[in-house]
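Engineer: Spelled out from the first residue to the last, the chains are:
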Amino acid sequence: MSVKYIPVQWNPNKWLYDAIMLGGMAVFLWVFLYVSPESLSHERPVNPQIHNARAFGACAFVMLTIILAIGPLARLDDRFLPLLYNRRHFGVMTAFVGVTHAGYILNWYFAFSSSDKYVGLLYANSSFGQIAGFPFEVFGIFALTCLLILACTSHDFWLKFLTAPVWKRLHYLIYAAYASAVVHVCLGILQDQQNHVFTVIVLVGAVSVSALHLYAWYATRENSVGAASGSWFDVGQPQDFREGFAKIALLPSGDRVAVFLMEGQLSAISNACAHQNGPLGEGKIIDCLVTCPWHGFQYDVRNGQSPAPFTEQVPTYRLRIENGTVQVHTDANAPGTPVDPTPLPVSEITA
Amino acid sequence: MDFAQAIVMFIQLWGVIGAVVALPFLVFGIDRIDEDARDAYVFRPLLIPGILMIWPLVLWRWWQIESESSAWMSRYRVVRKAHGIAAMLMATVVVVAIIFGLSVRQTWPADFAPQQISEAGQ
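So the sequence lines, in the order shown, correspond to chains A and B. One point on numbering: in this note's numbering, the residue at position 178 of the first sequence is 178, and numbering is uninterrupted. One point on numbering: in this note's numbering, the residue at position 74 of the second sequence is 74, and numbering is uninterrupted.
No lab work stands behind these hints, which were simulated from the structure alone.
Mimicking DSSO-like on lysine-lysine, the simulated pairs with C-alpha atoms at most 30 Å apart in a straight line are:
id : chain 1 : residue 1 : chain 2 : residue 2
1  : B       : 81        : A       : 247
2  : B       : 81        : A       : 284
3  : A       : 14        : A       : 168
4  : A       : 247       : A       : 284
5  : A       : 4         : A       : 284
6  : A       : 284       : A       : 168
7  : A       : 4         : A       : 168
8  : A       : 4         : A       : 14
9  : B       : 81        : A       : 168
For clarity, every value in this text was computed on a predicted model and none was experimentally measured.
I would like the entire structure built from these sequences, with the hints used as guidance.
Structural biologist: Spelled out as structure tokens, the structure:
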């Protein structure tokens, strides 16, 4: 945010979100540990250390599954967007749960060796040449490392410092983490299941997440761009625009432009919010300001600047109407550059 | 054992270098590159674990900002296209992991009583 950084930004919605998340975690752990040991294949006696390790490991896997499902669901249906807003808190808590799982494992299976327990973890199983008995621990270590990187770089400072595209690329590690966690589970605890309840939970969760991501990608992919004449690019006809809303154009360069109609005039800004590259063109204009649907950052569509005291800026674009077609210049102006709005012919304005 | 010890030592060395980077970055570097961090100190300790883990990236961005060598438009280039590749890779690994995981399960698909296939001591 473009005010002084604070450790954690709270608001009533985040309190509620986190309360529900922590409540869900507590219920999951309670059910796992005390309510259903038979259905979770704990009928054979295990000591509390192992039982806790399994409970926290299962909890981390389920939380990771939910986190991975939120993204595509929000992409497919706006009603899931509130779950997306505070997903970083969810991710940080998942990393804590994962660390707790690892802590129980390390402090039980590797704590009584004469060698260092971290060395023991890496050394104890080296059967890399076979699938059955493969050292599944390495997949867990990799997944946990990814989760820790994501959790440790979740503060808004990192977004601004690394820039949203770099930050997003770094946070693509979540896919690697989940895939690795699935391998960790499949080659690990699933090999020891006498009862298939947890097996079914893992399979349904992992397959659902994979299918959701593939479907969301397929349903929202963009294959084609409109016509370009020189440096000007066709956005649409004047009657395509609706007062207070935007039409989004994909330029040949791959950049997206949001062209807004406000008070009968058109203005164009980058579709990517300066915060997390959220889709500004999916926001609505209120009092000259468009609000990013992801995290509420606001910009004046005539100059791409956030209202004071905020300092975020996005690039602006020049517009023209040529032969009855609205066109945008493919070269972006520097972030925060004012551009005079382009009036639409009065007969073409729709409310 | 030697290889495992070497990995642990490498991780420790990585962390030490990260600490060496974190100190100047959090004491004066961050004030030079981010106006929102000036006079804001309470949040800085939260950044230490991140710097320990990704210090090469921190050094690269620190240098980029100080030298103004980064193209401003790159900040607004959405990385959405990578989602399809990431989704396909993840789904492939998930399916392969499930197939291999279930195929080597010794008690799958149903439990059966253990049978002694040779005499004791043989």
